[in-house]
Amino acid sequence: MKIAVCLKQVPARDGVLRLNADSTWVREDDVSFEINEPDIYALEEALRLKEKEGGEVVVCTLGPERAAQALKEALAKGADRAIHLHDPAFQNLDAYATARALAAAIRQAAPDLVLTGLQADDDGFAQTGVILAEMLGWAHSTIIMEIQAQERALKAKRELEGGWFQWIEIPLPAVLTIQSGINKPRYATLKGILAAKTKPLQRLGWKELGLDEEALKPRQKITKVFVPPKSGKVEWLEGTPREIAQRLADKLKNEARVI
Amino acid sequence: MFTFRGVDFLDMDSMLSDQEKLVRQTVREFVEREVIPHIEHWNREGQFPRHLIEPMAALGLFGANLADYGCAGMSNVEYGLILQELERGDSGLRSFVSVESSLVMYPIREYGSEEQKEKWLPALQQGRAVGCFGLTEPDFGSNPSAMRTRATREGDHFVLNGEKAWITNGTMADIALIWARADDGIRGFLVERGTPGFSARDIKGKMSLRASVTSFLSLQDARLPASAMLPGARGLKAPLACLTQARYGIGWGAIGAAMACYNDALEYAKVRKQFNDKPIASHQLVQERFADMITEISKAQLLALHVGRLKDRGSADPAQISMLKRNNVKMALDVARSARDILGANGVADEYPVFRHMCNLESVFTYEGTHNIHTLILGERVTGIPAYGS
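As given, the protein sequences belong to chains L and W, one line each in that order.
Count along the first sequence from 1, add 226, and you get the number used in our numbering.
Count along the second sequence from 1, add 116, and you get the number used in our numbering.
If you're looking for bench data, these hints aren't it; they were derived computationally from the structure.
Model, not experiment: these values are computed from the prediction.
Treat the hints with caution; some may be incorrect.
[Unchecked claim] Away from chain L, derived, C-beta distances all over 10 Å, residues of chain W:
| # | residue |
| --- | --- |
| 1 | R121 |
| 2 | V139 |
| 3 | T142 |
| 4 | E145 |
| 5 | H157 |
| 6 | A174 |
| 7 | A180 |
| 8 | G189 |
| 9 | R269 |
| 10 | R339 |
| 11 | D408 |
| 12 | S414 |
| 13 | H422 |
| 14 | D466 |
| 15 | E496 |
[Claimed, not checked] With the C-beta cut set under 10 Å, the calculated list includes, among others, these residues of chain L facing chain W:
| # | residue |
| --- | --- |
| 16 | E254 |
| 17 | Q405 |
| 18 | G407 |
[What the hints assert, rightly or not] Here are the simulated DSS-like pairs of lysine-lysine, each with C-alpha atoms no more than 30 Å apart in a straight line:
| # | chain 1 | residue 1 | chain 2 | residue 2 |
| --- | --- | --- | --- | --- |
| 19 | L | K410 | W | K233 |
| 20 | L | K417 | W | K386 |
| 21 | L | K278 | L | K433 |
| 22 | W | K386 | W | K446 |
| 23 | L | K228 | L | K276 |
| 24 | W | K137 | L | K417 |
| 25 | W | K137 | L | K423 |
| 26 | L | K456 | L | K425 |
| 27 | L | K423 | L | K276 |
| 28 | W | K386 | L | K459 |
| 29 | W | K233 | L | K423 |
No residue lacks a Cβ here, since even glycine has one placed at the ideal position from N, Cα and C.
Construct the complete structure from the given sequences, taking the supplied hints into account.
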């Protein structure tokens, strides 16, 4: 089975974020970057499927120069080759245009299956994977917890709401978006890191992908990013301990929505 | 808990290649997931995490900077970064890898016969065998040239008699590299576990390197075939060359311990409030501590990277490595003590890693050439006058 994994390099979790000058994104020059967490699980799932079923794992990212490091890490973990969609025209793409560019690269690579994380930790759109599938005209499913390979099809377990799961059968080719935590991602071994040096890393721009400028025009724009204002709201609950507990539970559930 | 992201005030990362950063990252992730959540427990119980030998071998950490026999063939800078990340977890874990790589695999690779290399290097690299290095004796630490352990030739055999002390991995080891005085000078012998007359027992009651095995070794008429001797090692310069390898790694490892203490103290100081509900990080005396710590860590990083690059070029001098070990371990110990002070009473509890690192570093300060011995190596290098016995 030939599997493509689409991954994204995002600002490292729990880094200290500062906004850029026009408050449309974070200042990228003082954050470190890492592979988007759900994408790491997608990569691990792809590597496991390859180990079981044979085939090839191709990793693909769209991003600036620094994003090549994410591909090298994926190669070091065992992916066979990498495609870096890198072009000045690829700056600030929205999910739709990103999916356009990815779809063009995926068509060229012609995998049986595309795996990607269910969403990116930075913008949290959870759109790129499904738009990509629609553009390819392939079957797709989201929030996948488990994959079992079958003859020209897959059985996949989806996470639903309220603790429910659903098993589905999905024909190939397909696009699945993977939930974090479904496997234990491997470490890159030192030998893997050395081997990555000799694996192919292809760089493609919009011309090689046969895209036109119209295709890359964003349909969505981030107008403002802001740090949630701190509110110092305090509410005193009064009554018997039982009443207070009931009202507290109600507020946590229905107002704060934390339980 | 916060995720460890290293300490990089001077943008040292801009001097590292993508591959070097990837090597550091993979070990950092390993330590974060497999070591940090459990290390205080292992330390409290005086327990070495044996179950980590196999995954560390799978990562390729043993003999990482050696070539062939299954070793990864990483550069010395990459090897340094590996040890830095391991010691960010615990000096005991780093010591284990240092001993395996620099004190057992390196001498077999450098001085061993082809048969010895074939037999031991893949086994050690894959974690199927553990090694130890027996140079220090109960009465001879800084002055190994006076060692009492003797190897007497009897036909096709050598008979070894003597005691070794403070041997990391001693009771765990499948193979002990024992240095002994033979008729033609100091020679190295590979003594296998179970050899009659050879025994090991652990040193109990250590207040430092508690998550590491430290042992006494005893040799009483231990008969070894002549083929157990490392043919290429003759004289004290062979074990000293091994120590140069290990000291190099320690110079990097100490940075890891210092980073851990610095980071912990910084996180603590930002949330711990004292006087007018202000975080102690806003106090001038505390800020001076941090200014000193970050400066010293940064200088140590520059020194380690520079010596590493020299070593990769093949031009690092043992005295330069002495400077690296001496400076960086002292730096780490000072940082650990400062960090302990910033944590106040909490600094003495093992809810925080600082006291453990501080205690570990007391051993690191003394082993692999004490701080004072490295002082004398540097003193001799710049004055031309050896002052060891004076």
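No chain L beta carbon within 10 Å of D408(W)'s: holds (23 Å)
Distance restraint between K278(L) and K433(L), which requires alpha-carbon spacing of 30 Å or less: violated (36 Å)
Run the distance test for K386(W) versus K446(W): straight-line Cα separation, threshold 30 Å. holds (26 Å)
Could you let me know if the closest chain L CB is still more than 10 Å away from the CB of D466(W)? It holds; D466(W) is separated from chain L by about 24 Å at its closest Cβ, greater than 10 Å.
Verify the proposed pairing of K386(W) with K459(L), using a straight-line Cα cut of 30 Å. Given that 30 Å is the threshold and the Cα spacing comes to 24 Å, the pair holds.
Is the claim that E496(W) lies outside the interface with chain L correct, judged by CB distances over 10 Å? It holds; E496(W) is separated from chain L by about 37 Å at its closest Cβ, greater than 10 Å.
V139(W) remote from chain L - nearest C-beta pair above 10 Å: Answer for V139(W): violated, closest chain L Cβ roughly 6 Å.
Does the no-contact call for G189(W) survive, Cβ to all of chain L over 10 Å? violated (7 Å)
If you take the shortest Cβ to Cβ gap from G407(L) to chain W, is it below 10 Å? violated (13 Å)
Given as non-interface: R269(W), which should sit over 10 Å from chain L by C-beta: holds (41 Å)
Against chain L, does A174(W) hold up as non-interface, every C-beta pair farther apart than 10 Å? violated (6 Å)
Confirm or reject the statement that T142(W) sits farther than 10 Å, beta carbon to beta carbon, from all of chain L. violated (4 Å)
Hint check: violations occur at hints 1, 2, 3, 4, 6, 7, 8, 16, 17, 18, 19, 20, 21, 26; the rest are consistent with the structure.
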